[in-house]
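Chain order of the listed sequences is A, B and C. Residue numbering for the first sequence follows numbering that gives the first Met the number 0, starting at 0 and increasing by one per position. Residue numbering for the second sequence follows numbering that gives the first Met the number 0, starting at 0 and increasing by one per position. Residue numbering for the third sequence follows numbering that gives the first Met the number 0, starting at 0 and increasing by one per position.
There could be a bad hint or two in this list.
As the list claims (entries may be wrong) - Cβ-Cβ distance ranges computed for the label pairs, FRET-style:
| # | chain 1 | residue 1 | chain 2 | residue 2 | range |
| --- | --- | --- | --- | --- | --- |
| 1 | C | 95 | A | 92 | 25 to 31 Å |
| 2 | C | 151 | A | 182 | 22 to 28 Å |
| 3 | C | 88 | A | 9 | 34 to 40 Å |
| 4 | C | 97 | B | 297 | 53 to 59 Å |
| 5 | A | 92 | C | 196 | 29 to 35 Å |
| 6 | C | 27 | A | 155 | 46 to 52 Å |
| 7 | B | 297 | C | 13 | 46 to 52 Å |
| 8 | B | 429 | C | 67 | 56 to 62 Å |
Unchecked claim - As a list, the in silico SDA-like pairs of lysine to any residue whose alpha-carbon atoms are at most 25 Å apart:
| # | chain 1 | residue 1 | chain 2 | residue 2 |
| --- | --- | --- | --- | --- |
| 9 | A | 42 | A | 13 |
| 10 | C | 35 | A | 95 |
| 11 | C | 35 | A | 91 |
| 12 | C | 34 | A | 53 |
| 13 | C | 76 | C | 56 |
| 14 | C | 35 | A | 191 |
| 15 | C | 76 | B | 313 |
| 16 | C | 35 | C | 61 |
| 17 | C | 64 | A | 96 |
| 18 | C | 76 | B | 190 |
| 19 | C | 35 | A | 108 |
| 20 | C | 35 | A | 172 |
| 21 | B | 127 | B | 155 |
| 22 | C | 34 | A | 191 |
| 23 | C | 34 | A | 130 |
Everything labelled a hint here was simulated from the structure, so no lab data went into it. Note that the structure is predicted; figures quoted are calculated from it, not measured. C-beta atoms are modelled at their ideal positions from N, C-alpha and C, and glycine is treated no differently.
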Amino acid sequence: MTRADMTVPPGHPLDPSGRTVLTASDVSRALRRIAHEILEHNKGAEDLVLLGIPSRGVELAHRLAALVRDVEGTDVPVGSLDITMHRDDLRSQPTRAPMHTAIPQGGIDDKVVVLVDDVLYSGRTIRAALDALSDLGRPRAVRLAVLVDRGHRELPIRADHVGKNLPTSHSEKVQVRLAGFDGGEDVVRIAGGDTR
Amino acid sequence: MSALLLTGATWYDEDGAASTGDVLLRDGVVAQTGSLDAPTGTETLDADGLTLLPGFVDLHTHLREPGREDVETIASGSRAAAVGGFTAVLAMANTNPVTDTAEAAERILDLGRAAGLVDVVPVGAVTKGLEGAELAELGLMHRSRAGTRVFSDDGHCVADGRVMRRALEYVRAFGGVVSQHSQDPTLAGPRACCHEGETSGRLGLPGWPAVAEASIIARDALLAEHTGSRVHVAHVSTAEGLDVVRWAKARGIAMTAEVTPHHLALGTDLLTTYDPVYKVNPPLRPSEDREALVEGLLDGTIDAIATDHAPHARHDKEHAFVDAAFGMLGLETAFAVVHDLLVSDGRLGWADLARLMSTGPARIAGLADHGHLVAPGAPANLVLVDPTATNRVNRDASQSLSRNTPWHGRSLTGAVHTTILRGRVTARGGEPTAC
Amino acid sequence: MNRHLLSSADLTRDDVRMLLATATEMHEVQHRAVKKLPTLRGRTVINLFFEDSTRTRSSFEIAGKWMSADTINITGKGSSASKGESLRDTVRTIDAMSVDAIVIRHMASGAAHQVSQWVDASVINAGDGTHEHPTQALLDAYTIEQRLGDLDGARVAIVGDLTHSRVFRSNAITLRTLGAHVTLVAPPTLMPSGIASWAAADRLELTDDLDAVLASGPDAVMMLRVQRERMSGGFFPTAREYTVGFGLTRERLRALSDANPEAVICHPGPMNRGLEISADAADAAQSLVLDQVSAGVAVRMSVLYHLLAGEEGVA
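Please build the complete structure, drawing on both the sequences and the hints.
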């Protein structure tokens, strides 16, 4: 199973035959709730580090950090963690250039790292992210926040914070567009599926 | 004695006028031509649609025996020559040991006779061991049964002016000729392997400038004039070198020149793949030089086409380009290449082809029995060719023991059909006959 | 990108940009405590060096190891002159062990191209005679861009023994691919044969006047190593004469800085201090010599990744 959406370039046109499952305000509400959950679970903002998985996970991580600042008044370190070099499906894909990894100044040792991504699917991306993290330091804990969980896990991976659970079939595509990265409004749509 | 009747053949006189008819060969000579009935007991060969030429004479072949019988022997080279339409080949002296004594020359002569498929004429070295310093036993080689007339250090240039002068003076006594591999070693050293120009610059290969050839030709022309002797330019490859030959002839100097089929047809740009099959000395040249060489063929500046057949083992070629051995096979493909390149589109006529591949070289080498056009009384050293046959060259089907041919996979129009040496068929349909 | 890197001409502008972008990410690895990426785990890379080179070989070795590949160094035996195994047999023996890549350095031009015809493995040219050195050109471009930004439109001078330089040949190609203006500076005896038509075809400038070039304030000056042995080939009379005409002396360093304070100086190494480059220039703030070395590992990691990580048989 491939992370098809990871390679979708910014502003790529949506499939018109799909249906919207999250509007801009749905996304906004989901993110606010996730931010609260993170703070609740962590009992505050101390030692938190948000790392977004490129591409759209990075914008989500920054928006969560902004929401945390609104609520707690604290600036939580934000960065990005590219997982291209840690994928387990390299040999069955054309080679892609890695995206940027930026670990915040304070590092991740003994921190609570919250990985942030737009869609959770097979779980392989997150496994790769855990691998990548282990070479960068030793967090006290690692959590996962995703905007959408579409099911079909192939590995024992689960998200701690989910914006929306979206049962899908394999033939469907989940399309995420974010205002910052793609321009326009936030939206999550499902397209494709069995048309036979 | 055996007789052979060729029916329906076409042959040409020296002006290019065609005749078609039957040719009866008997007792090793052309007995009759015209519209003939086959006498009883005569073998008949249907030559309808085929062209009958004087058997080809190669002024420049490397048969590798003695010394490298793993890559070619006089027997295997003879088979390759017969299949290529040759009735005589001059075997170069850079064997191991070098052919620089009467005994060595006679040995090669005898091995050629034993193979019996082509007249193998030994070339004597100019200098002992090809070292370029002291003259070899030129006179003794000439007096031997081999009757050596052509001398060459080919592989090496006789670079020392004094030695070259002495050699020219010496062979004048018996009408001999020195065939010079024209390469000034101070301008093109042993590593030089690519025509010096943009290609050699880009590829990072040691350059072989045209001036290294032309300057030796110029010196040798003046030495030939000074000594009143004959000099032959082996494998001329550059426009500049050719211009010097033209100048020398205009001046009345006894200079002759040969060109190889690969220098006519193949160019420097083939070296961009660094495939050592294209490594040869002198190197392949750019199109300007090839065009000049074709001009030289047509205007008579060039007297002969010679193959410089140079067999090599795979393990001597499969090295980095600069380290690989120099040389290509040529006996089996020479006619097809020349026909495909120049005769099939009419640039070269049959009379010219006969002059360049038979009569001219026979005269330069002093071979009385070869190079005779079809006429009653002429020795029956002949080749029947098929101008319309198109074949794809397959190196694995080669008669040579070696496989280093640059023509592998190419389709060429024009093929040798039957080769006849003193009235006896030596090759037929691409196969040598047993003897 | 195809599965070999034999010549800088194999790379399109997009290829170069991708390789350099990846190298930027790879460079981070050098600063980590755990200098490892699992990406090429299980791949086998042979460094087959016929010509000695501690610098390039260790750079490739480190690059391979940091990508988790199994890297093995093999010293190739000399040329056919030693009547040993043919080059083809040597590389086919190695290839028969099902290695994924052969990084080859050889003293003969074209060796990498020839080897690529004889093996199934990916072949990376680490320097073939006087022909090319594609990863050097990539790391030079990377290093310059790290300091000066995009090379498109930049003015680069390449100075020295061009005839015998594979660094020049690859750099001329890669710099032009990226849109830089390239000026070649050398005495006539050290200009490659056919350079007039070559320069016209590839739009390279030619001159033997180094001072004029420096006075024009180029963005980067690439000094090439000049071998002292060239004097015996008649390429130039004495080392002194070479330095006066073409060396980056202290005076020329000052002239360059005056004309363009931001100009950078490159040298592929090893340097002949005092011959083609003065100690002052080698150690100047504008000198990128050590950055080039550091970049070498990142660039080679990027090359190995793009050639080996992807679909079998396709990159």
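If you test the structure against every hint from before, which numbers come out violated? Hints 3, 5, 6, 9, 14, 20 and 22 are the ones this structure does not satisfy, whereas the remaining hints hold.
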